[in-house]
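Position chain B against the provided structure of chain A, taking the given hints into account.
Protein chains: 2
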Amino acid sequence: MATLATSVVDVCAEAKRAARVLAQTDTAVRDGALEAIAAALEERLEEILAANERDMAAAREAGARAAEPRAGDALLDRLRLDEGRVRAIARAVRQIVALEDPVGEVIDGHRLPNGLDVRKVRVPLGVVAVVYEARPNVTVDASALCLKSGNAIVLRGSSSAAHSNAVLAHVVAEAAVAAGLPEGCVSLVAGGGRAELAELATQKDTVDLIIPRGGEGLKDALQAVATVPVIYAASGNCHVYVDDSADLDHAQAIVVNAKTQRPGVCNAAETLLVHERIAAQLLARVLPALAAAGVVVRADPRSHAIASSCATPDLMIENAGDEDWATEYLAPVIAVAVVDCVEDAIEHIASYGSGHSEAIVTRELAAARAFQLGVDAACVYVNASTRFTDGGEFGMGAEIGNSTQKLHARGPIGLRELCTFKYLIEGDGHVRA
Amino acid sequence: MATLATSVVDVCAEAKRAARVLAQTDTAVRDGALEAIAAALEERLEEILAANERDMAAAREAGARAAEPRAGDALLDRLRLDEGRVRAIARAVRQIVALEDPVGEVIDGHRLPNGLDVRKVRVPLGVVAVVYEARPNVTVDASALCLKSGNAIVLRGSSSAAHSNAVLAHVVAEAAVAAGLPEGCVSLVAGGGRAELAELATQKDTVDLIIPRGGEGLKDALQAVATVPVIYAASGNCHVYVDDSADLDHAQAIVVNAKTQRPGVCNAAETLLVHERIAAQLLARVLPALAAAGVVVRADPRSHAIASSCATPDLMIENAGDEDWATEYLAPVIAVAVVDCVEDAIEHIASYGSGHSEAIVTRELAAARAFQLGVDAACVYVNASTRFTDGGEFGMGAEIGNSTQKLHARGPIGLRELCTFKYLIEGDGHVRA
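Here the protein sequences come in this chain order: A and B.
Counting in our numbering, the first sequence runs from 476 upward without gaps.
Counting in our numbering, the second sequence runs from 476 upward without gaps.
The reader is advised that the hints may include incorrect statements.
The list treats identical chains as one, so a pair stands whether inside a single copy or across any two.
Stated by the list, open to error - Below 30 angstroms or equal to it, Euclidean Cα-Cα: the simulated DSSO-like pairs (lysine-lysine) are:
#1 694 with 595
#2 595 with 491
#3 491 with 694
#4 694 with 679
Hint data in this document are derived by calculation from the structure and do not stem from the laboratory.
Same shape as in the complex, but just chain A (with noise of 0.2 angstroms):
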């Protein structure tokens, strides 16, 4: 049970003897504890709103001791579970059940010259540690994906969510193992501290990957301790170009959705790049949209200029400084910058892009291919807002997360990349010669 366990190592090491079976389970089972853990998230309702009322006192209190209160309003936010939130996480882990389980995929397989046969098979990685921040529900969630493609999984949450983690992570295990999983299939490792998540991030024998999600902070945390393989959720500096062929009224509307429609999440724009020959065309447009959406404009001189002469009352232009392109505001603001040629935008985008989603608005085909082939970004957009980049979206089911890493992992994570893969022969006493 995730509450018992001791040490990060003995932790790890159950996880690792849960792994070995876990791998060899059939659809069937893993998607029946699946929805085990669902029914008992529903019938333990009360329990898990105490733990976290505890959790919301301590952060109250907390807050109220701190220099800046109003900054807890968000923490506690993200820290509140309620009915209706409990009975989303069930409802999500429901929806994971409905996903294809990719554990046994063939992904590739010929017979070799010789006779032998060979197919390449996706299977468990085995132990996925997942280190987040705040987020209850994220418990819930990381577990079922890992379950749901056969991995085990170590939980590190943060201390401000501990007696929510802890209970969350207790009738999840609870409810697996009573369905016919393996002990230690899920657990939690308790306390927050530094020092626990280097040993957690160096137990290189018994986990197979550790997932941040989290700040930079954690990230750099991570980055300079571990030995496990890790693969770092994405920041995204993401870019639209809209070309000087473009329909201005497809460009507004995916410049306008991929700024405004959720501001503080990893696939919206913050910068936008327009075509010398239409900007005053496109800018006239957009910048008062963006305006009505309370978008505050960071401009580069050329664009300053045109937005000066199309000014509404409501708009709030602001020089842009050489910082501004490299910046993942999360926030209603957005750079704008003139470019001359598609070549330029690439080229600006592989100078301040972190590789995660961007978006060139064009009806010219040309200018769509050297976008596509030019820019190395995991999600490359065209005529479409970059906000599509997501697990869900792409029709892959839940994600745990979006890498910019270019290996293993790029892009959305969904249950797939939660898994590895090896190669199964079959001869008839085949030796090489």
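Below, chain B without anything else, positioned relative to chain A:
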């Protein structure tokens, strides 16, 4: 050109610029460059051999001063180039030309319910650094694989082959650039110090992957400092398990092949596990055959008892200690243990295997299935020798090494494994609701 490079930082930055151009080259251009490289190697044979002779002379001199001069013989053989070897290197480059281009391959693709078209397309990683010891042919082999897959390469060889590597890298780079590839697509970092290795291993803004090809010391040195992703070439503690239902002719052929066909490589077998019901019969056949090939046997108590009864004059049997099960001999030595069932064999492999290549010899489907499902390794064989784990044997063409990691590449690292992918998404003004 390779030899004009100044600092590691500058070399990597130039490689990054080259990589952006390379990623957009057509197959024909890259293949033409490889043809030019092969031709240049043959044309500049004398220059290459002269440089190699300088390395050989230095190595001979160092060997004469060494405490154990015979240890230098293997080094000299690895270092030595002659006309035949250079022509073989050129031939290997031409074989890479013939391989399918992995760049641009559509791995997956579909139309989403909202009409967005999503394609997952293979693209080059960017800049690959290869760190290697002694063998100068790696300079050319690795360059050819990287250029074929659209990557720029930064080479870092050992100081013992400095002259050979410098000329080879220069010939390769000059031919590639003359054939239309960008300056900086092939570079050699001079100097073999640990400080320079650490500098290379931390260029995470420009280098996308480091592949070390060398001993454990090199791996340890990299693991301690690298912030760039590393794929460690494998050590292989490989097993052959002979089930009680095995065809004895097959079992004998596979054990002898896996152990003796080339004992010094990572896919050679190090331990024989044999089912107790068939142990006497099998060992009576296999041990004399191994003895005839000069193999020393390290036996557990049960197999030792049996082995004593089938002693032939040339059979050398020693008692296996605990450390034998974990040892990659890379030599004509084999550990032997009797196990009670396939589950025990799987358990032994889980405890001691390195996740490289594992084989079962059996006629029973249930045993084969249990072994393939239960053994966690890159390659799991049924009735075939572990020696087949090889990019060439698998039909992937040449390989740059073998990975026992689970992320990105597992097993042979061929052209596809030198690539990442990106999602290309096309819409018609799509925005997220």
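These are the hints, each one checked on the structure:
1. In this homomeric assembly, residue 694 and residue 595 come within 30 angstroms of each other (Cα to Cα) only across copies, at 27 angstroms, whereas the closest approach inside a single copy is 33 angstroms.
2. Taking the shortest Cα distances, residue 595 and residue 491 sit within 30 angstroms of each other inside one copy (23 angstroms), while across copies they are farther apart (32 angstroms).
3. Proximity of residue 491 to residue 694 under the C-alpha cut-off of 30 angstroms is found in both arrangements, the shortest distances being 24 angstroms within a copy and 24 angstroms between copies.
4. For a Cα distance limit of 30 angstroms, the shortest separation of residue 694 from residue 679 qualifies both inside one copy, at 18 angstroms, and across copies, at 15 angstroms.
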